[in-house]
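Read top to bottom, the protein sequences are chains A and B.
When you number the first sequence by my numbering, it's gap-free, plus one each residue, and the end is 359.
When you number the second sequence by my numbering, it's gap-free, plus one each residue, and the end is 293.
Hints in this document: simulated from the structure, not taken from any laboratory.
Values in this document were obtained by computation on a predicted structure and should not be read as measured data.
No residue lacks a Cβ here, since even glycine has one placed at the ideal position from N, Cα and C.
A hint or two may mislead.
[Claimed, not checked] Stretch by stretch, here's where chain B covers chain A in the computed footprint (C-beta under 8 Å, at least three residues):
hint, segment
1, 97-111
2, 168-177
[Unchecked claim] Each computed SDA-like pair below joins lysine to any residue, with the alpha-carbon atoms no more than 25 Å apart:
hint, chain 1, residue 1, chain 2, residue 2
3, B, K257, B, Y29
4, A, K152, B, Y29
5, A, K152, B, V192
6, A, K113, B, G195
7, B, K185, A, D166
[To be verified] A few chain B residues that don't get close to chain A, going by computed Cβ distances all over 10 Å:
hint, residue
8, L110
9, A119
10, I145
Below are the chains, spelled out letter by letter.
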Amino acid sequence: MAQVTLTHVKKVYAGGVEAVKGVSFDIPDGGFCVLVGPSGCGKSTLLRMVAGLETISAGEVSIGNRVVNQIEPADRDIAMVFQNYALYPHMSVYDNMAYGLRNRGTPKDEIEKRVAEAARILAIEPFMQRRPRQLSGGQRQRVAMGRAIVRKPQVFLFDEPLSNLDAKLRVQMRVEIKKLQRALGVTSIYVTHDQVEAMTLSDKLVVMNGGQVEQIGVPSEVYRKPASKFVATFIGSPPMNILPATIDGPGIVALGDAILEARDLQQDLAAGTKVEVGLRPEDIEIVTEGQAGSLPFDVEFIEELGATQLFHGQLSGLPFVMQAATGEVAAQPGRLWITVDPDRVHVFDATSGTRLGRA
Amino acid sequence: MQKNAYFKGLTIPLLLLLPQLAITIVFFYWPASQAVWQSFLLEDAFGTSTEFVWFENYTELFSRPEYFKAFVNTVIFSSFVCVLSLSIALLFAVMADRQIRGAEVYKTLLIWPYAVAPAVAGVLWLFMFDPSLGMLARGLQSLGIAWNPRLNGNHAMLLVILAATWKQISYNFLFFLAGLQAIPKSVIEAAVIDGARPMRRFWTIVFPLLSPTTFFLLTVNIVYVFFDTFGIIDTVTGGGPSGATQTLVYKVWADGKGGTDLGGSAAQSVILLVMVIGMTAIQFRFIERKVSY
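Go ahead and model the full structure; you've got the sequences and the hints to work with.
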């Protein structure tokens, strides 16, 4: 078990492309850290640098209290689960799991014991003599996990391990990974572009964009107080509505004729400053027509999700989405009057996109 | 779901197959059947009379020590050429597979020898190692080696092995390189993290995953050394000195063309045919089973 610390880590490829632009954060011993972001944001590169599969251009990565920049991947005491599982196709499930132990000269009876234990935990005992191609996607995923856990490493690295599975299996494996990580207590870094995986798995969420960290925090905090417009729209589904607005006074923003109170808004902004307001579809409240400060929302069509419904339409000529429990609002096109709890109004700088919150 | 195209009746499938069948019959089955027929005939030197002699050509062949010698020559020649050309090509491919500067140029240059005709390749090596003209031969002589492939049978064999190997390396290289590039990078990375050092990684992961390519190349190379090396042997040594480099395929030609023993020559080519069919069958039956996963 070990903590992982990244200090000003950079990756510059030959030709000067900067994939990771100085990232620092640390993961406590036994923590589950998820790196999330769109494709090309540098999250996989960062993980591969921790694994030792990419060289570190600048900065420092340490595992335990040991700087690993110059240490071979094999000697970093890590195990990695790859997106396409990367199982050895010519070996049986047993040999796939035993390979890493054999390379390290583990005694035969110890290998047998550890593989058997991992097989029991992952419920893959019936397949031990099969080849990877004779397994389903979910079973292969388990073998890949097994290969990681038999080694009893200090750190688990996951590179989008669930993206090749179908939706149902993905949910199931997600829960299993979480349970397993809790049970084993191994420090983990998990890369994904799926914000649901990111929210559910992590106890430390790192949102990345363009090679930089946008926000680090526990998932609920990232959701409640997104540090930027990027994080606000990336985390949460359906994504947050973003509307142009102006500052009307301390803690007050104006969207055309309507006004909204924003409790977390920075107080010293000059009236008339251009900003952007973010409203989550699930935070919208319906009010009676003409209530002071309410916004007119023209519903055009409704998406049925079962427990909830999505109302798509326009607000002051801009596309807008509202989510409501089924049956709460009449599911028909037409005008609704809406407002949002002042605690749930997010305001961002119109140019930089950073959150304009209280210090 | 139906995977293969499906036709009603036989007319269209037969028409589609006709060009391929015609070529195979005219250029392969017909000459082969002629050879089989010829091998049962005894013809006089002037071609005026032929006699059906059953297996006399075969029995006579096996009673001659030269034939046995050609057989031994073939075994030595083909094993050396196969092993050398496959292992050197694999080494080159592993090197080229790394991300090195100028890899493209390196690859392109390595492919060139394949475009050289066997006879031309033979002439190149003949000149380089000619005991009186050859640059490399002089080098050997200056080292105190009495190099003379015209007189020394072992030297002659070495020379044809080198020439034939050199010619085949580029072909094998191409396939090995393609095979290496088809191995998923993440599998290698998983092995790196699993603590396998480069040599161990090669023998436990890369080489086994390359085995379909190796198997295919082994079959192709055996056919190559048995038949296509005729041009090299003919230009470099002409089968000499005193039959030291006479392989089975070379003897077919020498006896038929030079010795005008058409029946005996035909019998030899039939034996050669049966041998290659047999070896290919064995390979597919026993080796291929091990390489599929």
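Problem set entry | Hints violated by the structure (numbers, ascending) | 2, 4
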